[in-house]
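Top line first, the protein sequences correspond to chains G and X. Here the first sequence is numbered in the working numbering, starting from 1 and rising by one per residue. Here the second sequence is numbered in the working numbering, starting from 288 and rising by one per residue.
Just so you know, nobody snuck in bad clues.
Some chain G residues close to chain X (C-beta under 8 Å, calculated; not the full set):
| id | residue |
| --- | --- |
| 1 | Phe61 |
| 2 | Trp65 |
| 3 | Leu66 |
| 4 | Asp67 |
| 5 | Arg89 |
| 6 | Glu90 |
| 7 | Pro156 |
| 8 | Arg200 |
| 9 | Gln201 |
| 10 | Phe202 |
It is worth saying that the hints were derived from the structure and are not from the lab. Virtual Cβ for every residue (Gly too), placed ideally from N, Cα, C.
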Amino acid sequence: MATVAAVIASTHHPFYYRASTSTGADRPPFADEWVAKITAFRETLTRANPDVLVLVGSDHFHQLWLDNMPQFLVGKAPCYDANWYNEEREFGLPRMFFKGQEDLSAHILRGGLDAGFDLAFSNELRIDHSVTCPMITLRPEADLPIVPIYTNIFAPPLPQPKRYVQLGQAIRELVESWPSDQRVAIIGTGHLSLELGGPRQFGPHGPDPEFDRKAVEWIAGGDLEKALGEVSLESLWEPGNATHGFLDFMLMMGVAGAGEKADYVDTLDLFHTMEAYFTWYPNGAQS
Amino acid sequence: MSKYLMNKFLYTVDRDPELVERYRSEPRALVEWWEAERANAILNVHSCECSTWLKFEDAEREALATHDYPALFELGAHPFLTLTLFIAMFERDYAEPLGFQLEYARRLSRFSMPYPDIAT
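Using the sequences and the hints given, assemble the complete structure.
Right under this line is the structure:
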């Protein structure tokens with residue numbers, strides 16, 4: 001059976017690409033520290049020596065739209081083009097291309113459906129920065145086949161938080177039951193407190209540093225009980241109107257497992273939102 | 288209430304560079320054209336097979352036609368869609384990085400929790 005080589009949860013900040021590649025007067029003062037942190041974070045994936053990446057993210061109203069909105073969707077395609085015109089326009093993100101791992105997609109779809117998750121699927125999916133940001137930060141070579149999984153954290157009504165956790169637990173079991181000798185890294189990106197298009201946006205820090213502090217503690221300690229006890233669909237509006245992206249962190253806590261402490265934790269207090277990086281090695285790290 | 292239709296306007300204009308420029312320079316004309324020609328087009332469906340019932344309420348049409356993003360926020364348009372499109376149109380007019388984004392926040396400062404419902 002396949003091995004879960006690493007579980008990684010991260011914020012996805014679309015400005016990283018531009019900040020890290022800019023030079024001279026265009027280079028923001030925080031870029032060097034940010035690049036150093038990302039370089040160290042990248043090493044946590046590299047040393048896991050993965051063959052395949054399962055990538056959990058959320059379409060930002062690109063291909064998925066309100067006339068036909070899935071809650072959870074698995075990509076099953078031989079290839080994926082990535083990034084969209086408005087992401088090039090606003091963030092300077094490059095067009096990207098990935099190979100798909102269709103056999104694992106099929107296994108996750110079949111097994112997920114049989115486990116009670118009525119997963120949507122897509123055979124032609126153009127993916128966006130929720131998936132390409134971790135590729136840029138963690139695997140810029142973009143040389144590994146992927147299985148993208150999208151969650152709806154964006155367009156209410158959303159599933160309950162526990163459902164994201166349960167899906168994470170199911171993804172972990174499904175990867176571990178994939179009849180393959182491949183090493184799979186499961187990577188998911190979301191947000192801590194975040195406000196977009198509201199009065200608290202683009203402040204000097206994230207809109208709710210206290211929420212961020214607690215959230216990092218929950219994730220780092222694998223404290224699903226506390227996270228599920230304190231977080232509801234209603235409560236997530238309070239730290240910032242885009243904080244439902246935290247549900248993807250909760251999904252990744254489900255992948256990592258209740259009570260599982262992260263092997264690597266780092267944060268960076270940036271304008272606009274706090275960055276947070278976590279890695280677990282369920283089977284120990286390779287030297 | 289037609290939050291869905293406001294969102295559909297923001298979404299379909301945002302993804303088309305030509306429409307972004309037309310909306311920046313001639314907002315009322317673009318909104319009127321869009322409501323007449325595009326509002327009832329089901330995305331990804333053949334052009335003959337349109338909806339027949341979608342139209343803006345007066346306050347929604349006026350908010351869009353006057354680039355009034357605080358009003359769009361109040362009417363429950365999806366804040367991500369509004370922000371993304373308005374950055375595309377107006378960030379270029381500000382010299383400082385994040386100048387427009389901070390002005391945007393300032394203009395919304397009268398809103399406190401709970402914000403207007405964005406469920407569609």
